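Asks: So the chains spell out like this:
6 protein chains.
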Amino acid sequence: MSGIVVQNISRANPQTIKALAQCGVATVHEAQGRKGLLAPHLRPIFPGSAIAGSAVTISCPPGDNLMIHVAIEQIKQGDILVLAPTSACEDGYFGDLLATSMQARGGVGLIIDAGVRDIGDLKKMDFPVWSRTVHAQGTVKATLGSVNVSVICAGQLVNAGDVVIADDDGVCIVAREEADGVLQSAKTRLVNEAEKRRRLAAGELGLDIYGMRESLAAKGIKYV
Amino acid sequence: MSGIVVQNISRANPQTIKALAQCGVATVHEAQGRKGLLAPHLRPIFPGSAIAGSAVTISCPPGDNLMIHVAIEQIKQGDILVLAPTSACEDGYFGDLLATSMQARGGVGLIIDAGVRDIGDLKKMDFPVWSRTVHAQGTVKATLGSVNVSVICAGQLVNAGDVVIADDDGVCIVAREEADGVLQSAKTRLVNEAEKRRRLAAGELGLDIYGMRESLAAKGIKYV
Amino acid sequence: MSGIVVQNISRANPQTIKALAQCGVATVHEAQGRKGLLAPHLRPIFPGSAIAGSAVTISCPPGDNLMIHVAIEQIKQGDILVLAPTSACEDGYFGDLLATSMQARGGVGLIIDAGVRDIGDLKKMDFPVWSRTVHAQGTVKATLGSVNVSVICAGQLVNAGDVVIADDDGVCIVAREEADGVLQSAKTRLVNEAEKRRRLAAGELGLDIYGMRESLAAKGIKYV
Amino acid sequence: MSGIVVQNISRANPQTIKALAQCGVATVHEAQGRKGLLAPHLRPIFPGSAIAGSAVTISCPPGDNLMIHVAIEQIKQGDILVLAPTSACEDGYFGDLLATSMQARGGVGLIIDAGVRDIGDLKKMDFPVWSRTVHAQGTVKATLGSVNVSVICAGQLVNAGDVVIADDDGVCIVAREEADGVLQSAKTRLVNEAEKRRRLAAGELGLDIYGMRESLAAKGIKYV
Amino acid sequence: MSGIVVQNISRANPQTIKALAQCGVATVHEAQGRKGLLAPHLRPIFPGSAIAGSAVTISCPPGDNLMIHVAIEQIKQGDILVLAPTSACEDGYFGDLLATSMQARGGVGLIIDAGVRDIGDLKKMDFPVWSRTVHAQGTVKATLGSVNVSVICAGQLVNAGDVVIADDDGVCIVAREEADGVLQSAKTRLVNEAEKRRRLAAGELGLDIYGMRESLAAKGIKYV
Amino acid sequence: MSGIVVQNISRANPQTIKALAQCGVATVHEAQGRKGLLAPHLRPIFPGSAIAGSAVTISCPPGDNLMIHVAIEQIKQGDILVLAPTSACEDGYFGDLLATSMQARGGVGLIIDAGVRDIGDLKKMDFPVWSRTVHAQGTVKATLGSVNVSVICAGQLVNAGDVVIADDDGVCIVAREEADGVLQSAKTRLVNEAEKRRRLAAGELGLDIYGMRESLAAKGIKYV
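Chains as they are written, first to last, in this note's numbering: chain H, 1 to 224; chain B, 1 to 224; chain Y, 1 to 224; chain A, 1 to 224; chain D, 1 to 224; chain S, 1 to 224.
Simulated from the structure, these hints should not be mistaken for lab results. No experiment lies behind these values; they were computed from the predicted model shown. You can take every hint at face value.
Which copy is meant is left open, so a pair is good if it fits within one copy or across any two.
List of simulated lysine-lysine pairs, DSSO-like, C-alpha gap at most 27 Å:
1) Lys219 <-> Lys76
2) Lys18 <-> Lys123
3) Lys124 <-> Lys18
4) Lys196 <-> Lys219
5) Lys141 <-> Lys187
6) Lys123 <-> Lys187
7) Lys222 <-> Lys35
8) Lys141 <-> Lys219
9) Lys187 <-> Lys124
10) Lys141 <-> Lys35
11) Lys124 <-> Lys196
12) Lys35 <-> Lys196
13) Lys196 <-> Lys141
14) Lys187 <-> Lys18
15) Lys35 <-> Lys123
The following block holds chain H by itself, in its conformation from the complex:
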């Protein structure tokens, strides 16, 4: 089952991707019905990045980064690598040399349910990574995995070409074919939130804005 490299994958519209990045992870996640969010053990190696891109996926054995080299050849401008080991691993699969190669090919970030290293250099290069851990322990390059197959990364299904959105809140996946629709929902949501924020900032209560008092009373709330 391993050893497959899918070369031509479809990607979402670059404008859509860019716009989704600006909406942010929390909003996009809500906008698509609360699906696609990776587990919160994935954290950014430095704060403040907010990116989106098309997923180039990697499935590989624990402690073996052979397939990252294979995957980088498949990178197009704006892509994000998404690496899922076949069993839990904290090794540092990726460091500044691979990031240099990624950037040279147009890659903009890495999502990895494992470890990363050289994080001082990665910060200097402004190459963002969301990882399970930071670990200087490297890997071997001995065993095949696959590239651009469907993977489950940090609890979510990721297909090659899906849109990856990542910021300080975490990482969310939007199915490629749903990206335009999700963007519309996210924009609507942002408009609604702006209005709510204005009212809340003025001191109105959510209890009133959302009309919750009646429902609370029906549930039996008691003020004492």
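Given the structure of chain H, go ahead and fit chains B, Y, A, D and S onto it with the hints provided.
Replies: Coordinates of chains B, Y, A, D and S only, in the frame set by chain H:
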């Protein structure tokens, strides 16, 4: 047992609260006999904040933030929300809209033994949160909990109106009625520490300052 | 078995130590054959430090920091304390007073498989610590441990006088007697990496630079 | 604050305690409004035990079991020790010698948010323990804690004399003064459950027994 | 997206399912190319069960078991419930009443990436469960989820009607349409293993049976 | 550094080893001054085993069991394999075929800081394993490690030929050259414990047997 909202709670003296914030968590914890410290899995979402305030407590089910809306109505100037789910949960109960509402009502921070989201915005708003995790996954608003009842948050009992002190070292609770006494002890402790710091900085050893050599010898220490 | 303090330990050449710090943890770890790396649960309390020094080791019971006071007397200019509790513990063994004492004696940092506190002050003092956790909960000073005996810290054997290298990637131990050889290997490695970085930045692929295509074909890779 | 031993504590009625044991942890927990349940990291060291008794509480430092010896003197027939360390610890505080002493004094079990050892012997003695871990690593006996003060054990407040119920599902605390009332609720609940069990076993659906179909439709369920 | 109940799902051949149960999880997992294995934090509540069945899937919020009642109506003889909460949760969603209902409808077991309770009763009923934890803390019944939609449970995609195989080694999913092919591979594998077992039991070495000596020499192994 | 197989190792006296098994892990650990105990995350796959033997050690990459095949050739009657991966891994390195081979060569058990599978079969074979987890996920056989070099397994240094003692309490290592001395201490300890057990069973208190009352008073204990 749920569905209770206690509306009028007593709070400690605002001057005392302010002064306790300046003492810091580690000092206050020592000053009150090493009690009241929340478990270290609660971490600040950004470094450098140091706050104190009166606790408005929330007990709520996992994955349900209905009661935060109820609790915000109970907030007075300088209060801090303390949220304890009834079983372990990492969902993002709280984001920038709730923080906007909190700030509009005078709330100064959140202690939550669960998840938080929109942390980029919270940092911009300078709204500090100490949480178990960061998670963009939101909650439902379906089931009652209680507000201003006693809760156990991250391993410590918190009563409504207790003083909450939080900084980069974590979160400590001071019982409302003990706050003035603890502040006196903390101030004494700070004076003592300043003197010790001066002597240690001059190269004196703790072994000598604390007179430990004799006791070490009695315990059988061997220098080889 | 406890209660031993070894007073005169050998240290590596200060020039070697300084040069190893500049190589960084990931490179040194690779250069010595991927050994000596402490487990990744040890993290720096603030980013950006990169230090190296000779290990003064401490073995002590959980929740008891008596031996830190003993160990500080053994510190020489440039040393790093390495503390391993005899069973897992997250207490805050170390804070700003001990750091003040350490700095006065020439100590440059702490590696601790337990907790630390006063991290706001430690950051102001620029005193770096790599720890398992941050915890304001202090310790007692009741029971002997040992200083400068061999310890296992975060999964690695550390002998007194070994070289400790620590940066944002973690902590690596180099045996004192191997330090000069490891430095040579690390330097060679850095030169090689610079050349690889240049080629990768120019858009060459690792697949070609490392000659991996033939080996991948032999393993049965399929491009589809 | 430490070093207190409260000698005369009130206990619930022995008949009530015995009857609560027969109701089981899950039923009692429901019967008292879903409170008092210790966190699920406490597990029995062997399956099949189901006990109840009055809590004799111990607060003690990590890695120090001095106070267990003090507490055993306070044990009356049918009591259960409840030990909470002041910070997280996995040391083996308790083994077959202490269990022998407990049994000789009438103690019937141990709840410990830390480690236990000699579990082969404890099983032979039929002395049940609910613990965080099994660990042969012993402790020191150097520092005072307290006995029969209020403690927070595995996330719950336990007062001396409270009723402890423990079985394969975990451990639940019933406040001493509420024990009789909780027993009545638990008995009612058992009767109701027996009837429900009979109907469910006959093939009726919960959807019908609990009348859930209308509510599901109102929430918008769609059968496809 | 929630609130969907898919009523008519396809199932694999009952003979195939029965035969897969006899092959066991480890063999089936290998036979299908090492895919479909749920994460090892799922453990049986008692040892010795080995079952297989068709998956009836449940997606539901943390701490809310409303949809289990809905799902049980969809159970056919031999089915297994597979429950995945939408975020991490350890609550006890399922106990002896629901198990009674399941058994009355022909259900044979539960796979749940959350908690379970009443495990003493479940053992007496011989109703096997593989769960993340044991927890007497129950849930609410307030919010819709979905039944027989695709879920990701303990890191694996599960579609309704997929074959679930579970024993002391864990839980493996076989896609419904691949079940017959996987069974053939598993049977072949068992025959091969029997022959290998015979040779190994007779003292032959894997080094010789698998012809590994030459490859080891090529990799540079050194016997000293 | 990898790829080394040390073929001739020294072992402790078989009578000593056998006698240490009978003393048990907790007693041996105490008898040698509380050292050598592996971390408590290693648990037996079934209860009731109590073995001792000489360590044949394996260092190997995560997810790669090639070296187990190499190590089995080095097994002598009564040996125990001790496997430490070079970084944290939960894969199932070992199952019933390897156990069959081990038993045919005289091996009596496995200590593995990783996963194991086929545990139903291993129980039937009465082949005991202490592991970090149970996981049906197998490994590759691609990369060299070493056999009979010093390893750090679950936090302890293990040299080839050291005595491994394992029972329900965990796993303890006794240095080969210290085995006879430790056995003497353990026997003395057992005699002392028998006497203490007799007195405690008769109702005497540890407070009196160990003469603790005076020391407690000196520390300031207060009976109230």
